[in-house]
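Listed here are the chains, written in short residue letters.
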Amino acid sequence: MSVHPEDARRPRPGWMDWLEQRVELSELFSFLTHFGVVYTPLDTRRPLRELLRDLATRTAPSYLAWPRVLTPLAAILFGILVVTGGLLAYYYRPTPETAYDSTRLIVRDLPAGWFIHHTHAWASHLLVGVIALRLLRFFWDGLYRAPRELLWIAAVAMTWIVLQSDFTGRLLGWNVPAYWGTVRGMEIVFALPLVGPVLAFLLGGRVMNEDVLIRFYILHVLVLPAAFAALLYATVATVRKVGLMPAGRNEREVTLRHHLYSMAMWTVVLFALVLTLGTMFPNRFFPQADAYSTPATVQPPVYMLAPYAVLFGTRLPTWLTGGVLLVATLAVLLAPLWLARAGEATVRRLRMAGIAAFALWIALSVLGAWVDRR
Amino acid sequence: MPDPESRGPAAAPVEDRRQFLGWLSRAFLGLWAVGAAAVVSAYVKPPRRGEGAAERTVRVGLLDEFLIGEARLVRHGVTPFFVVRVDSERVVALSAVCTHVRCILGFDRSRRALVCPCHDGRFDLAGNVISGPPPRPLATHHVSIRAGEVFVHL
Numbered sequence: 001m002s003v004h005p006e007d008a009r010r011p012r013p014g015w016m017d018w019l020e021q022r023v024e025l026s027e028l029f030s031f032l033t034h035f036g037v038v039y040t041p042l043d044t045r046r047p048l049r050e051l052l053r054d055l056a057t058r059t060a061p062s063y064l065a066w067p068r069v070l071t072p073l074a075a076i077l078f079g080i081l082v083v084t085g086g087l088l089a090y091y092y093r094p095t096p097e098t099a100y101d102s103t104r105l106i107v108r109d110l111p112a113g114w115f116i117h118h119t120h121a122w123a124s125h126l127l128v129g130v131i132a133l134r135l136l137r138f139f140w141d142g143l144y145r146a147p148r149e150l151l152w153i154a155a156v157a158m159t160w161i162v163l164q165s166d167f168t169g170r171l172l173g174w175n176v177p178a179y180w181g182t183v184r185g186m187e188i189v190f191a192l193p194l195v196g197p198v199l200a201f202l203l204g205g206r207v208m209n210e211d212v213l214i215r216f217y218i219l220h221v222l223v224l225p226a227a228f229a230a231l232l233y234a235t236v237a238t239v240r241k242v243g244l245m246p247a248g249r250n251e252r253e254v255t256l257r258h259h260l261y262s263m264a265m266w267t268v269v270l271f272a273l274v275l276t277l278g279t280m281f282p283n284r285f286f287p288q289a290d291a292y293s294t295p296a297t298v299q300p301p302v303y304m305l306a307p308y309a310v311l312f313g314t315r316l317p318t319w320l321t322g323g324v325l326l327v328a329t330l331a332v333l334l335a336p337l338w339l340a341r342a343g344e345a346t347v348r349r350l351r352m353a354g355i356a357a358f359a360l361w362i363a364l365s366v367l368g369a370w371v372d373r374r
Numbered sequence: 375m376p377d378p379e380s381r382g383p384a385a386a387p388v389e390d391r392r393q394f395l396g397w398l399s400r401a402f403l404g405l406w407a408v409g410a411a412a413v414v415s416a417y418v419k420p421p422r423r424g425e426g427a428a429e430r431t432v433r434v435g436l437l438d439e440f441l442i443g444e445a446r447l448v449r450h451g452v453t454p455f456f457v458v459r460v461d462s463e464r465v466v467a468l469s470a471v472c473t474h475v476r477c478i479l480g481f482d483r484s485r486r487a488l489v490c491p492c493h494d495g496r497f498d499l500a501g502n503v504i505s506g507p508p509p510r511p512l513a514t515h516h517v518s519i520r521a522g523e524v525f526v527h528l
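So the protein lines, in turn, are chains Y and S.
For reference, each letter of the first sequence is one residue, going 1 to 374 in the numbering used here.
For reference, each letter of the second sequence is one residue, going 375 to 528 in the numbering used here.
Only chain Y is shown next, with the shape it has when bound in the complex:
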């Protein structure tokens, strides 16, 4: 937060005036509005200092109050993931020969490497949770109806991207559960009719080798984060246009200064949380993957326990149970878009359907965890 509204009050001729005459600082500053840091409209023709003085006193609905806070929380967690991920990329080497050793170097040998590794892991777990909660909350409030369809589409796409990031990130450590979990996950996806072979082509083939690893790496560090940032932008852009709350709700108004301060505090709180979790409950460090020995049990990630239960509990072919059901689960999330003109009563009735679907998912997950234990 280099730009502090307080500074705008004191006239201080210097670097800012010098710069103001050479670039449109207000336009640069308005860039922040695209990512939700400032969310009120700005007059970019005015000098930055006047703009800031104005902003410091103007009030706007608080975006850091429950349940709106979930989007800023996702953004902050994403920021933590980008920073820690960038630091991990300093030492990580994405080839089958070096992936495990370089991860071990980070976690075991480098000062604070374990800390950055576990912070990254826990921030990703929390992001999965926040994104899921956000989806539930949007559904509960009927935010899939016009004119907020984009919010819902972005939320569903973000869920998909976060799960993909988690899936691709798991493999990078090249340890036993990561390797065999990915082999099994990929087999399920590749079993899909038509789509499966195309995905296998894009992901570097069915055999887990250096081509697959480097593509997972590129997806994990470049493609998926870029897509997530774009969706975050789409969310903020549509919120700025249509608002996040259905009309008629009580909204707490705060100044921008208060908003920025709360944002900083939330960052500190989240960072402290992932730091504590990473220190108290570090990820287990597993042995190196061996392509010639499959372990007896491979724990699927929490969010895959439900498909896993279906895969284990039925005698149907893989392409139907795993592939088609997995895609159907995500496709059904887009179904509410057909109710863009629905009234409040329909939303209330749909809530029950949502609760039932969520309960079913939880029940299947518990079943999956139980199947796995056996």
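No wet-lab data here; the hints were simulated from the structure.
One or more hints might be untrue.
What the hints assert, rightly or not - With the Cβ distance kept under 7 angstroms, some of the chain Y side facing chain S (calculated, not the full set):
| id | residue |
| --- | --- |
| 1 | L110 |
| 2 | P111 |
| 3 | A112 |
| 4 | G113 |
Unchecked claim - Between beta-carbon pairs, the in silico distance windows are:
| id | chain 1 | residue 1 | chain 2 | residue 2 | range |
| --- | --- | --- | --- | --- | --- |
| 5 | S | L395 | Y | F201 | 51 to 61 angstroms |
| 6 | Y | F281 | S | R430 | 42 to 52 angstroms |
| 7 | S | I478 | Y | T297 | 28 to 38 angstroms |
Just so it is clear, CB atoms sit at the ideal spot from N, CA and C, and this is done for glycine as well.
The hints should help you fit chain S onto chain Y, whose structure is shown.
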């Protein structure tokens, strides 16, 4: 944030408290940033990759294999060196790293000199600068000969 309405006769203490809290939270954020910077710089500091643990004594071969007046490059870790047989008895070892900008020198057989490919710095076979930009003569390493075998001590 205290309400603006609550200001009245007790405006001054409220202002003081607000200033103190503002100072406190800034100090807290500052400490937090210092801690984060310390952790990140400890992590980013390039780790030692074992070059320090490379052997200190290198066996470079039999004395009879070296021709008199010839320099042979020994590719040893990050400290490559030349072994030069001066006469039938004496062997010297010279660092192969140019003292100018750390390029690796080559042996020019016709001139009997060590030549830098980067800026044409030249050294004689005793390591002294003949011409070009290098500021210092080459470092020399101690050499011992035992039972006809040449060892260089780094």
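Against the structure, the hints come out as follows:
1. L110: 6 angstroms, holds
2. P111: Holds - the Cβ of P111 (chain Y) comes within 7 angstroms of chain S, reaching about 4 angstroms at its closest.
3. A112: 4 angstroms, holds
4. G113: 6 angstroms, holds
5. S:L395 x Y:F201: 51 to 61 angstroms: Once the Cβ atoms are compared, 59 angstroms apart, the range 51 to 61 angstroms for F201 (chain Y) and L395 (chain S) holds.
6. Y:F281 x S:R430: 42 to 52 angstroms: About 45 angstroms separates the Cβ atoms of F281 (chain Y) and R430 (chain S), which means 42 to 52 angstroms holds.
7. S:I478 x Y:T297: 28 to 38 angstroms: 53 angstroms, violated
Going through the hint list in order, the structure does not satisfy hint 7, though it satisfies all others.
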